[in-house]
Each structure stands twice: as structure tokens, then as C-alpha cells.
Amino acid sequence: MVAPEYTIDELMVVTLARAFDNSVRAFNGAVSFIPVSAFQLARATHAPGLVWVASSLGVDPYPSKIPESTLDSALWEGASHIFTSPTDFWVYAMSNRLNTFCMRGAQIDRYGNINNSVIGGDYHHPKVRLPGGGGMADLSCFCSNIFLWSTVHNPRVFVDKLFFRSGLGYGDGGDHRERLGLKGGPQMVITNLCAMDFEPKTKSMRIKSLHPGVTLDQVQESTGFSLIVPEGAIPTTAPPGEEQLRVLRDVIDPTGQRHWEFRHGM
Amino acid sequence: MVDKLVSLAEAAALVEDGMTVALGGMSTQFHPMAFVRELARRRVRDLTVVSMVCGIDVDLLCAAGCIKTAVIGLCSFEGFGLAPSFRSQAQSGRIRVEEYSENILLCAFQAAARDLPFMPTKAGIGTGIEGLHPDTLVRINSPWGEVLACKALQPDMSVIHAHEVDAKGNVRVLPKPVWLDVDTAQAGKKLVVTAERVVPHETFRADPFKTTFSAFQVDAVVHAPKGAHPCGMLPEYGHDANFYIAYQQAAAAGELDKFLETKVLVPEKEYLKLW
Numbered sequence: 001m002v003a004p005e006y007t008i009d010e011l012m013v014v015t016l017a018r019a020f021d022n023s024v025r026a027f028n029g030a031v032s033f034i035p036v037s038a039f040q041l042a043r044a045t046h047a048p049g050l051v052w053v054a055s056s057l058g059v060d061p062y063p064s065k066i067p068e069s070t071l072d073s074a075l076w077e078g079a080s081h082i083f084t085s086p087t088d089f090w091v092y093a094m095s096n097r098l099n100t101f102c103m104r105g106a107q108i109d110r111y112g113n114i115n116n117s118v119i120g121g122d123y124h125h126p127k128v129r130l131p132g133g134g135g136m137a138d139l140s141c142f143c144s145n146i147f148l149w150s151t152v153h154n155p156r157v158f159v160d161k162l163f164f165r166s167g168l169g170y171g172d173g174g175d176h177r178e179r180l181g182l183k184g185g186p187q188m189v190i191t192n193l194c195a196m197d198f199e200p201k202t203k204s205m206r207i208k209s210l211h212p213g214v215t216l217d218q219v220q221e222s223t224g225f226s227l228i229v230p231e232g233a234i235p236t237t238a239p240p241g242e243e244q245l246r247v248l249r250d251v252i253d254p255t256g257q258r259h260w261e262f263r264h265g266m
Numbered sequence: 001m002v003d004k005l006v007s008l009a010e011a012a013a014l015v016e017d018g019m020t021v022a023l024g025g026m027s028t029q030f031h032p033m034a035f036v037r038e039l040a041r042r043r044v045r046d047l048t049v050v051s052m053v054c055g056i057d058v059d060l061l062c063a064a065g066c067i068k069t070a071v072i073g074l075c076s077f078e079g080f081g082l083a084p085s086f087r088s089q090a091q092s093g094r095i096r097v098e099e100y101s102e103n104i105l106l107c108a109f110q111a112a113a114r115d116l117p118f119m120p121t122k123a124g125i126g127t128g129i130e131g132l133h134p135d136t137l138v139r140i141n142s143p144w145g146e147v148l149a150c151k152a153l154q155p156d157m158s159v160i161h162a163h164e165v166d167a168k169g170n171v172r173v174l175p176k177p178v179w180l181d182v183d184t185a186q187a188g189k190k191l192v193v194t195a196e197r198v199v200p201h202e203t204f205r206a207d208p209f210k211t212t213f214s215a216f217q218v219d220a221v222v223h224a225p226k227g228a229h230p231c232g233m234l235p236e237y238g239h240d241a242n243f244y245i246a247y248q249q250a251a252a253a254g255e256l257d258k259f260l261e262t263k264v265l266v267p268e269k270e271y272l273k274l275w
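As you go down the protein sequences, you meet chains Z and G in turn.
Each residue of the first sequence is one higher than the one before, starting from 1 at the first, in this note's numbering.
Each residue of the second sequence is one higher than the one before, starting from 1 at the first, in this note's numbering.
Be careful, since some hints might not be right.
As a list, the in silico DSBU-like pairs of lysine-lysine whose alpha-carbon atoms are at most 30 Å apart [said to hold, decoys possible]:
| no. | chain 1 | residue 1 | chain 2 | residue 2 |
| --- | --- | --- | --- | --- |
| 1 | G | 176 | G | 4 |
| 2 | G | 226 | Z | 65 |
| 3 | Z | 201 | G | 122 |
| 4 | Z | 183 | G | 151 |
| 5 | G | 258 | G | 210 |
| 6 | G | 122 | Z | 183 |
Bear in mind the hints are in silico, worked out from the structure with no lab data behind them.
One chain only, chain Z, in its complex shape:
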């Protein structure tokens, strides 16, 4: 059998989807085309019990396409319940009854902490003022299962030291998060080059699998800190299956919104 042809956005969506099982009760924020595709793909294939709350408001929807904004009400099409944010969404997020969230930022460090606030200068006179974390500081503390994604893997994104910590991963590493009284932490990072997880003791980022054609040297050169390399041969990220591609292309994202971040170099 000839392996189906696919593109990098599809490999990222499928790899993320494979990490989601029936215990996932997920929600999404703004500009989250890759996670929104992945939640739906997992639900449509191997994890039919997965719960996804679109835009953190529309429970278990079946939208006919992904709109241009992942906060748009078109994403809630077919939902069984429209939440009220403070009394439904925030209550369930604070208590980890919604347990899975995907984050992305301008900078990510080895412990999966994220900066989306300021870069350079000092905080009140920054060289670059970014939007801010929004709910990132909150949800990164409440949620036990955090997934990080970046469509750009380079040393400007994966930095040795964040300029500002807008969202919490494993903090200073080791048991820091636990000592803060917070559950779980980042589970996986998916980029255009590889998938990574976190070494259990140090909580430092570790190579999990390399995308087809990508070398370990290439990933390390594209990362601003030393990645932990597992012993033995590093697996190659499994390519998408035919059925996964069909569902993603024809059912979940027929208008190709998952390309958005690639177009905008984010």
C-alpha cells in the first residue's frame, strides 16, 4: 500500500489528535485552528467520547466547517448547550472538569512556560508589545493536560529564557508546579519539525519523534536550549492515515482554516 500524500499542517493535526483519548474534555480559545481540527479529528476517529467545548462556550458541536475565527459562533453549530462564561465555563475550568487546553505563544522555554506579553526593553517600555496572555495565565494553572503547539520551530520561539512568563508550564522545572499546588502540566509539544514531551524528573523538554525527513541536528539547531534526547533510536512521527486525512479534509476543515498560522508565520 502506498502511503497517502499529506502536508505539514495535516501531520501536526493528526499527531496532536492521536494524543487525545476519551478522557479529554477540551475547549479552545482564539486563533486555535490546529487544536480545533485535532479535537474534532480525535472525536471522529479513535476517541468518540472526547468532549470539546467550542470557543469555551458551545458544548459538543458539529460545525460544518471551521470559521475564520475560532471564537465565532459558527463554530458552535449543532452544540447541545451554550455556556455562560463565568458560571459555566470558568467553574468547570477552575475545577479541572474541563481538563485539556492547547496553548501557543511568541516564546516557549524548556519547561513549557509561554510568553505572549512583551519582548525586549523593560516591561513598561517593551521593544515589542504582544497581545497579552488573556486566559493563558489562568488555564495554564487550572488545566491538568496542557498541549503546546507552534507552526514555527526556531530559536526565536524556543528560547533559553522567556522575557516574561504569561502562561505556566512546569515553572522552574522539577516539582515546581506541584509545589505551587497545581495539577498536571504540559504533556506534549507539536511543531513543524517534531513532537516533544517532558522528561518526568526534570520536566525539561525531550524529543519524542521526528517528522519524516527531519534530523535531530536540525531540531537541536532550531531550538534555543538543549533538548533531552531519549536513549535508543528516535522514532519517526507516524504519517496520517487515509481515513484521518479524508475526515480532516472533507468533513472537519473543508475550507482549510488549519493553514492560517502557516500563512501568517505564527
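Once you've looked at the hints, dock chain G against the given chain Z.
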């Protein structure tokens, strides 16, 4: 009961230079933009504006020179890019950015609304947000575990946009409020509500389950059709992509002042014809 229906100009005149004003809305939806435009037309100065997940509301007020301090969780135009005036004025130091997060600001509003000194949360623990605000965010060790105490934040005025009001000041957000406007509204010392429609008082009595705010809680209501534009007002209209694109193009060309003068800060009736 006293009639609380006033004009947009009368409502905006309640805002004085240097006041703290909280705005409802979320990202590209529900922001009380007609009120924001009127503040910009009046060239109000030195405002502290609190808007949890904001965008064009705060950016427009930055561009018009109205803001001294922006208290935010996030400010962006989502898929339409970064907020240009917010960004440049934060970088130059023209405005001060007090960055919190959505949940922390929600807690601060909830504390104010309930006359509590603070509201506890686990949000933001271990992040840089905590370190930015030693005076308003304090980790406290309660007998039942450590929490972050968010000091109550009471704006001088809260402003939200709704679907229907009556002249007495009753308010409906239809079919129900979904974002954070209820807490924003309840936190303010005063509450001004702009609305798509003014309906007869009997409409509220006919279906009181649909009332979002009672008149006693509301200080002024304003008839502001398309009052969220260019933001969306679900379920009645979506955001106006053309406006966001034109605004970004004007900002990129360094012509935002001219754009505001000719396309935005014209009298509200003309604005509605233009867009």
C-alpha cells in the same frame, strides 16, 4: 420609576477625565463601540480603561488619545492582527499597560460586585502576572491551602452593550449573556447600558425570565442601534471584517488619524450610513 433613557452624548458626558471605566465585550464581539466612539469624539483624557479580552475598543481609545492606563487580559484583533495603536503606545510608554488575565480580572470584578476585599483563585500562580502586581495580587496561606487573592476592582463606571432596554432601565441580553458582561456590569459604581432597541416596559413584564438586569441596578440606558459595530452582536450580527481590514490598512499607512476623522468619529448617524 424615573426615566433613565438618555442620548449617547448625555451618557458619555457622565465620563470625566481620569475616571476608571470598565467596558463589556469580548475580542471581536459585544464591545459597547457606540459609547467608545462618543468618548473618542469628546476627546476624554487620562482614562483608566478595564477591558478583559479587548481589541478595537481599547485600540480606538488609544488612537484618540483618551487612555492613560489600559487594564487588560489581552488586546488584539484576533485574525485581523495585533492592535496597532495599543501596541505602539505601549512600546513608546504613552500608555501604561496593567496586564492581568481573564480569570483574575473576573475575580477582581466579582469581589467588587459583592463588596468583598478580594476573591481567591489559583489563576496566575507562578506566572509573571503575579509578580507585576504586588499591591493587588497577593498569595495568601489560608487554613485550607494557598491561593492568590485578587483585590477588588471597582470601576467608576461600567458600560455594556445589550439587545433591548426599556426607558425605565431594564435590560435584556438575548437569548442570554454568554461572555463576561454580567460581572463587568455588576462591578461598576455606575452602570450605563447601550442597546440595539428600546422596547415597551410591558415587554419585560410579559417575560421576566428574560431580563438580565433590573432597572434599579442601571443608571442610564441609551438607544444605540448597531452599537457594537464593528464588533459582532450575537445572534443578530457578526463582526465587520471590512472595518477591521480598513482600520489596519490605515494604521499601516500612518493614516489612522485621517481614517478616524472621516470614517469613524463622524456623528453616529453618519457613521451608521458609512458602514
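These are the hints, each one checked on the structure:
A C-alpha spacing of about 22 Å is found between residue 176/G and residue 4/G, which places the hinted pair at or below 30 Å, so the restraint holds. With a C-alpha separation of about 27 Å, the suggested pairing of residue 226/G with residue 65/Z holds against the 30 Å cut-off. Only pairs whose Cα atoms come within 30 Å are accepted, and residue 201/Z paired with residue 122/G is accepted, the gap being roughly 24 Å. Distance hint between residue 183/Z and residue 151/G is fulfilled; the C-alpha atoms sit about 25 Å from each other, no more than 30 Å.
With a CA separation close to 42 Å, the supplied pair residue 258/G and residue 210/G exceeds the 30 Å bound. With a CA separation close to 11 Å, the supplied pair residue 122/G and residue 183/Z stays within the 30 Å bound.
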